[in-house]
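Starting from the known structure of chain A, arrange chain B on it as the hints suggest.
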Amino acid sequence: MTTLARLGKFQHFVDDLAGLDDEMRFEYVLDMAKKHKDDPFSPGAMDDEHLMHGCMSRVWMLHDIDDDGRHWFRGHSDGAIVNGLVHMMTESFSGLTGEELAALTIDQVRRLNLGAMTTQRQVGMMAMLKHMQKLARQDRSGAR
Amino acid sequence: MNGPATAMRQPGSNTPYDVAAVRADFPILARPVYGKRLAFLDSAASAQKPQAVIDAVQRVYGEEYANVHRGLYFLSERATNAFEDARETVARYIGAPHPHEVIFTRNATEAINLVAASWGRSNLSAGDEVLITELEHHANIVPWQLLAQERGIVLRVAPIADDGSFMADAFYRLIGPRTKLVSVAHVSNVLGTVLPVTDIIAAAHAAGAWVLIDGCQAIQHMTVDVRALDCDFYVFSGHKLYGPSGIGALWGREAILEAMPPYMGGGDMIERVSFDGTTFAGLPHKFEAGTPAIAQAIGLAAAIRYVEGLGTAAIAAHEAALLAYMADALASVPGLRLIGTAPGKVSVVSLSADFAHAFDIAAIVDREGVAVRSGHHCAQPLMARMGVEATVRASLGLYSDRQDVDQFVTALERVRRVLG
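Each protein sequence line maps, in turn, to chains A and B.
Numbered as in our numbering, the first sequence ends at 144 without a single skipped number.
Numbered as in our numbering, the second sequence ends at 564 without a single skipped number.
No lab work stands behind these hints, which were simulated from the structure alone.
Any given hint could be a false lead.
[Unchecked claim] Facing chain B, from chain A, some residues (calculated, C-beta under 7 Å):
{"hint": "1", "residue": "M56"}
{"hint": "2", "residue": "S57"}
{"hint": "3", "residue": "D68"}
{"hint": "4", "residue": "A80"}
[To be verified] When the alpha-carbon atoms are kept at most 20 Å apart in a straight line, the in silico SDA-like pairs for lysine to any residue are as follows:
{"hint": "5", "chain 1": "A", "residue 1": "K35", "chain 2": "B", "residue 2": "R558"}
{"hint": "6", "chain 1": "A", "residue 1": "K34", "chain 2": "B", "residue 2": "D498"}
{"hint": "7", "chain 1": "A", "residue 1": "K37", "chain 2": "B", "residue 2": "E533"}
{"hint": "8", "chain 1": "A", "residue 1": "K35", "chain 2": "B", "residue 2": "R295"}
{"hint": "9", "chain 1": "A", "residue 1": "K130", "chain 2": "A", "residue 2": "T105"}
{"hint": "10", "chain 1": "A", "residue 1": "K37", "chain 2": "B", "residue 2": "K180"}
{"hint": "11", "chain 1": "A", "residue 1": "K34", "chain 2": "B", "residue 2": "R511"}
{"hint": "12", "chain 1": "A", "residue 1": "K34", "chain 2": "B", "residue 2": "L563"}
{"hint": "13", "chain 1": "A", "residue 1": "K130", "chain 2": "A", "residue 2": "R6"}
{"hint": "14", "chain 1": "A", "residue 1": "K37", "chain 2": "B", "residue 2": "G479"}
{"hint": "15", "chain 1": "A", "residue 1": "K34", "chain 2": "B", "residue 2": "F499"}
{"hint": "16", "chain 1": "A", "residue 1": "K134", "chain 2": "A", "residue 2": "N113"}
{"hint": "17", "chain 1": "A", "residue 1": "K35", "chain 2": "B", "residue 2": "K180"}
{"hint": "18", "chain 1": "A", "residue 1": "K34", "chain 2": "B", "residue 2": "R558"}
{"hint": "19", "chain 1": "A", "residue 1": "K34", "chain 2": "B", "residue 2": "G564"}
{"hint": "20", "chain 1": "A", "residue 1": "K9", "chain 2": "A", "residue 2": "S42"}
{"hint": "21", "chain 1": "A", "residue 1": "K37", "chain 2": "B", "residue 2": "S496"}
{"hint": "22", "chain 1": "A", "residue 1": "K35", "chain 2": "B", "residue 2": "E533"}
{"hint": "23", "chain 1": "A", "residue 1": "K134", "chain 2": "A", "residue 2": "R58"}
{"hint": "24", "chain 1": "A", "residue 1": "K9", "chain 2": "B", "residue 2": "R560"}
{"hint": "25", "chain 1": "A", "residue 1": "K134", "chain 2": "A", "residue 2": "L51"}
{"hint": "26", "chain 1": "A", "residue 1": "K37", "chain 2": "B", "residue 2": "R561"}
{"hint": "27", "chain 1": "A", "residue 1": "K35", "chain 2": "B", "residue 2": "F499"}
{"hint": "28", "chain 1": "A", "residue 1": "K134", "chain 2": "B", "residue 2": "E208"}
{"hint": "29", "chain 1": "A", "residue 1": "K37", "chain 2": "B", "residue 2": "R560"}
{"hint": "30", "chain 1": "A", "residue 1": "K34", "chain 2": "B", "residue 2": "K180"}
{"hint": "31", "chain 1": "A", "residue 1": "K9", "chain 2": "A", "residue 2": "W72"}
{"hint": "32", "chain 1": "B", "residue 1": "K180", "chain 2": "A", "residue 2": "D22"}
{"hint": "33", "chain 1": "B", "residue 1": "K180", "chain 2": "B", "residue 2": "R558"}
{"hint": "34", "chain 1": "A", "residue 1": "K34", "chain 2": "B", "residue 2": "V562"}
Ideal Cβ positions, reconstructed from N, Cα and C, are used throughout, including at glycine.
The following block holds chain A by itself, in its conformation from the complex (with noise of 0.2 Å):
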């Protein structure tokens, strides 16, 4: 599978915003905050080990690495909205490699085209993504 088949949800997310003005992706991004408002999240996870900084909210961020070394990522935040992008973000880049992972781009993340709504939220979006990087790097430099 190439990188832009594993990239079948993010491109799915990013076609689903492209059709909509700024108050429909606003209903869209509230509409994934309802919908992961009450997703489970290991509460023991939800320390300063696994905190991520960068975002206006707490977000906290699992990962893992499979046999075949594609990394995949849980995470939660106690905002209902940053919950809803990172469930979008976490969804969107889990199952590359370390190496896809690490080509990724805050490019990437402007093609989501939230920042039309608040630059907050992209800076956040952006704070997600390099904090995932950074744990697969971690993670393949056994530094886990």
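Frame of chain A, contents of chain B only:
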């Protein structure tokens, strides 16, 4: 040279405060946001500007701009006069004995840093104590922490009560023989608590300590008279007083300022420079190195004249009534917790909700045209003290009205429907 504000009242007037006329003086309040009426409830972060201020700044650049203090030509003379008139206006507004005791800074943060760097470095040594409270803005915490790291001074922090009230006994117990400076907010930017600064100043002076008052959240809501307060330093930011951003003021007692070394070196602050040594200008220029914020200072003076035209007592009465209205209205929304309910508080309501995070609330009410602040409000130690990560803060200005509050309450109901 500055036209009267349309909402200007006569001093001592019995005319009711006409908030609709006041709002008409602020052009930005008429602009819709997302197609909705703007309910601007973030004046504690930065206030909107009346047309009188916008006009004053435009007039500077359009008609009388040049660098100040050095030019011998017409425009420089005009700009210098307007700039120094602005200093006199600030001095008059805060009851300063002398205009040269008013130092223009970028904001209150720079003013506190100026005192910490100049007065602090030359007057404090290891073991000396600076006393603050738990409700301070980071701008009144971090400069002293830097001095603690550099000089080994001790930062003492007085606790506040669960409702955000000042705790007199605990505070005064912390004033001791090593206390050299008491540095406190006049009004809390998160809780609205008004500190009893007159009592604090008297107690500090009795112990031989100087007092700095951070007036950022007081200067726009009440009459401030530094001579009556008898404080030693008073700082504020102009942009919270309906003036431009980039201008603030430090007031200090003449004798203290005279004895302080310069904060920054450069143009305008010198008397004579040679490679053998430099002698410094007198007050206030000793502390105003480089080209100052000329238009901003003149704009601040216009803002002060505007506020004076409405009358600080009338503004305070309007805001107090509206704050009570807002507290009552918010009490009707289930699931809200008000953070900070000290008696006599002013201007701000901080809240948390059991149905949504502060950031979710701010993001959703924004779409309803309501501008409120969410986060730690540059007061993380206070957030920890109150047991919250973040709050939503709605803050009032002289143009705030009941419709702003009603719009906020209605928007909160939407948050409950969406995320509750």
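Hints versus structure:
1. M56: Constraint on M56 (chain A) satisfied, holds at 5 Å.
2. S57: Holds, about 5 Å.
3. D68: violated, 37 Å
4. A80: Given a least distance of 5 Å, the restraint on A80 (chain A) holds.
5. A:K35 to B:R558: holds, 17 Å
6. A:K34 to B:D498: Measuring from Cα to Cα gives roughly 16 Å; hence the hint holds.
7. A:K37 to B:E533: Answer holds: K37 (chain A) to E533 (chain B) is near 19 Å, not above 20 Å.
8. A:K35 to B:R295: violated, 54 Å
9. A:K130 to A:T105: Since the Cα atoms of K130 (chain A) and T105 (chain A) sit roughly 9 Å apart, the hinted pair holds (cutoff 20 Å).
10. A:K37 to B:K180: violated, 28 Å
11. A:K34 to B:R511: holds, 17 Å
12. A:K34 to B:L563: Holds, at roughly 7 Å.
13. A:K130 to A:R6: holds, 19 Å
14. A:K37 to B:G479: Answer holds: K37 (chain A) to G479 (chain B) is near 18 Å, not above 20 Å.
15. A:K34 to B:F499: At roughly 12 Å apart (the allowed maximum being 20 Å), F499 (chain B) and K34 (chain A) satisfy the hint.
16. A:K134 to A:N113: The hint is violated at about 24 Å.
17. A:K35 to B:K180: Violated. K35 (chain A) to K180 (chain B) sits at ~27 Å, over the 20 Å cutoff.
18. A:K34 to B:R558: holds, 13 Å
19. A:K34 to B:G564: holds, 10 Å
20. A:K9 to A:S42: Given that 20 Å is the threshold and the Cα spacing comes to 24 Å, the pair is violated.
21. A:K37 to B:S496: Holds. K37 (chain A) to S496 (chain B) sits at ~18 Å (cutoff 20 Å).
22. A:K35 to B:E533: violated, 24 Å
23. A:K134 to A:R58: Judged against 20 Å, a Cα distance of about 18 Å means the pair holds.
24. A:K9 to B:R560: Answer violated: K9 (chain A) to R560 (chain B) is near 30 Å, above 20 Å.
25. A:K134 to A:L51: Within the cut-off at roughly 13 Å; holds.
26. A:K37 to B:R561: At roughly 14 Å apart (the allowed maximum being 20 Å), R561 (chain B) and K37 (chain A) satisfy the hint.
27. A:K35 to B:F499: The given pair, whose Cα atoms are some 15 Å apart, holds under the 20 Å limit.
28. A:K134 to B:E208: With Cα atoms ~55 Å apart, K134 (chain A) and E208 (chain B) exceed 20 Å; violated.
29. A:K37 to B:R560: Status holds; Cα separation ~13 Å.
30. A:K34 to B:K180: violated, 24 Å
31. A:K9 to A:W72: holds, 14 Å
32. B:K180 to A:D22: Cα-Cα ~14 Å, so holds.
33. B:K180 to B:R558: Holds: K180 (chain B) and R558 (chain B) sit about 15 Å apart, inside 20 Å.
34. A:K34 to B:V562: Holds, at about 8 Å.
Hints 3, 8, 10, 16, 17, 20, 22, 24, 28, 30 from the earlier list are contradicted by this structure; the remaining hints agree with it.
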